[in-house]
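These protein sequences, in sequence, are chains S and G. Positions 1 to 454 (the UniProt record's numbering) are the ones given, in order, by the first sequence. Positions 1 to 454 (the UniProt record's numbering) are the ones given, in order, by the second sequence.
These aren't lab readings, by the way, just hints derived from the structure by calculation. One should not assume that every hint holds.
Given that identical chains are not distinguished, each listed pair holds provided it fits within a single copy or across any two copies.
To be verified - Listed next, the in silico DMTMM-like pairs over lysine to aspartate or glutamate satisfying Cα-Cα at most 25 Å (straight line):
(1) K439 <-> D169
(2) K8 <-> D283
(3) K406 <-> D158
(4) K406 <-> E95
(5) K406 <-> D97
(6) K406 <-> E94
(7) K313 <-> E291
(8) K80 <-> D5
(9) K80 <-> E94
(10) K439 <-> E323
(11) K8 <-> D81
(12) K38 <-> D305
(13) K8 <-> D328
(14) K264 <-> E251
Below are the chains, spelled out letter by letter.
There are 2 protein chains.
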Amino acid sequence: MTIVDDLKQALGDIVLTGTQIGERHRSDASLTGRELPKAVIRPTSSGEIATALRLCNENGQTVVVQGGLTGLAGGANAGKDAVVISLERYTGIEEIDPQAGTMTVRAGTPLEVAQRAAEDAGFLLPIDLGARGSCQIGGNLATNAGGIRVLRYGVTRDNVLGLEAVLADGTIISSLNKMIKNNTGYDLRQFFIGSEGTLGVITRAVLRLRPLPAGRLTALCALESYDDLVAFLTRCQRRLPGLSAFEAMWENYFRFNAEAEKLKFFDEIPPFAVIVEQDLLGDASERDGFEAFLGEALEDGIIADALIAQSEKESRSFWSVREGHAMDSQLPALVNLDVSLPIGDIGRFAAECGAALSQRFPAAHVSFFGHVADSNLHIAFSEPDSDADTPHIVDGIVYEIVRRYKGSISAEHGIGTLKRDFLDHSRSPAELELMHRIKRALDPNGILNPGKVI
Amino acid sequence: MTIVDDLKQALGDIVLTGTQIGERHRSDASLTGRELPKAVIRPTSSGEIATALRLCNENGQTVVVQGGLTGLAGGANAGKDAVVISLERYTGIEEIDPQAGTMTVRAGTPLEVAQRAAEDAGFLLPIDLGARGSCQIGGNLATNAGGIRVLRYGVTRDNVLGLEAVLADGTIISSLNKMIKNNTGYDLRQFFIGSEGTLGVITRAVLRLRPLPAGRLTALCALESYDDLVAFLTRCQRRLPGLSAFEAMWENYFRFNAEAEKLKFFDEIPPFAVIVEQDLLGDASERDGFEAFLGEALEDGIIADALIAQSEKESRSFWSVREGHAMDSQLPALVNLDVSLPIGDIGRFAAECGAALSQRFPAAHVSFFGHVADSNLHIAFSEPDSDADTPHIVDGIVYEIVRRYKGSISAEHGIGTLKRDFLDHSRSPAELELMHRIKRALDPNGILNPGKVI
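Just need the whole structure built from these sequences, with the hints factored in.
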């Protein structure tokens, strides 16, 4: 009997093979996966996941977990020799505890479904990112997803109170804690969050909920320099207690997307544009305070111009420029790089990086945007004459500069397969050796997501 | 040559033995340590710590790290066979980066020294607890210290961006990251934070700083029931964006400490008293808003009475009751238990726990207080006829009820030696086995803080 026969015997028709396997299991959103896996298992319980892993571990069979397949680092690509565990059927919210302010949720639940359930109960689930409609909670946790509300509510890691995961050998580690403070031995949830499926399979989680804001105020500001931008960020952090987004766009990025969306906000495209958003408590004076705050920043010359959204529609028009969906369709072979740098260095880094890329690729589009308050910069790159080697050359140029600035080659996308060769640009040999030691301890047969991360 | 001779030869006169060793190295603040260690090493660099660990590891010599010795779980007690590494001379702030909002600090730096340095630079270091004058940053991190500002700024883990630690074999793991988002492989800092010195020695850290509040408003509120208290907490969280403390006192606790301090706040001692504190931005209207908020809660019958501190002195008088220093001197053999429960269950838990303790110890003082917003309850227990077995009997009674409520036997004090026998009340066999697996991977010879935590 082959391992696939074993799995079918133990788990029945939740094990798909051959033509039963859908095309989508080939690759995550990086579109770099080429092959379909040898089998896809679609469990509906943690016990089924444990059984599958136990059998695979005993047979040395490699396993790749797939969620919403929205990752950009190739972390969920399986290849033809792996068995895939797809969490798409292990969905649902098991409990919302309004007094503890927690939600217990299964890993396959789409993020947006969980967000809506929280809202229906009067709470905010602060984990939020562009792919909310298709990404799944398990994948959000496995990659420690970042997103647009980190400034106020922290990264995904900070919003997970309890976790259940299955080890490579099929052991279920159930730590579905609902308490904020819990210092009873090692914090096991931390081992699995952000490990991209290489140390265990996340099956359920207790997420922290926050009060639902009564609304939001949104402004689009024009600035003259990166130094002004940092000064403005500092002031926003000190004076706007409900500050929930601070999204910066460099001139090129803003111009491209405003023109693509046929939107005109300022007389001239400014060197920097920033979306500032504040969560509201529902007090009538908050709008006046926001206007006064921006007026003062204008008077002091920290910002050059400011528009406050007068409607939900206008707020969405600001965000449409920031989200830049037009780039996907209009720029060929678009690459979105994701790096972190100390906040004070981002301006110089972007200038240096832009010059280096333009020197090597004179015809390329290069633009910058990002969650500057979280030290996170994205780079949009598109080369009309791109070939198979281009992405790797771009990575090499950018990550070499990241290394010199002591930055991180992955702020929020993870390492997956695509960034693995560059991990030593952000991590020392001692750190890498310790990661390998941890991997060997938790997955001694090396069956979980092989070749990913380390 | 003995290992102590080896250490002296390699490290010189930073190695103390015999009468050179101070009495304080016998025990942490639980006063349960009985013996002096065989040597005390007082390094002033990470390199010296690495050398000491390498030699000890090669010789199977056990090592206990000591910081400010303010722990309450026996975690830093050494015993006569261990070598102590005392971090008291490895102090100092290496850098404050105002743009990144970070402080890089050595592990032996007292918390209060770091707090003051942050303030001098216009920032708040939000890690804060009663022992701030003597506890050290390294110990705060090694125990994932909680404290009174968790509600607004998170536990210590959430305020650490970068970490340097030395492994048992002397390898220095330097991850002094200054970025909020960094998803480059496993998050190694998480392995050391909260591991109580059993997985490595924390030597330096990058801490996250926040804007320094312009001031604080403090109120003392009287409430009739635990349900009201939870409703009031929910309302505070939704309506006070700068909420930075919510400290609950049960009737017995409030009565004892108010009388001990000769302070009278309300006509009668209420069933529950709560200190609410709000960080200010410096806007003149904030005080009015705070008063209006409390007035509305009074009108709605959620609170029965409220006093707003009119001066720093009055605010300190509220806090003096909460801090309860009078108990230390007036109650014999005082025990301070530290547990976590889901917020909605704390009222019933306290009632049940109080009844069980009073039944077994009819003459004992039993009272409750805590950081309810963080799901954290403290229990003050004092038995006049206490003997050596009493603390263990009390632990047994309380932790058995904690187990039934699916709570945590340690919210913020850690496990150390004193809670180790009860760890299975909050952790499953699978979780404990995984902790042992991690311990074996990181410290295969078992030299680091032996017998602690697991």
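Check the structure against each numbered hint from earlier and tell me which ones fail, lowest number first. 2, 9, 10, 12 and 13
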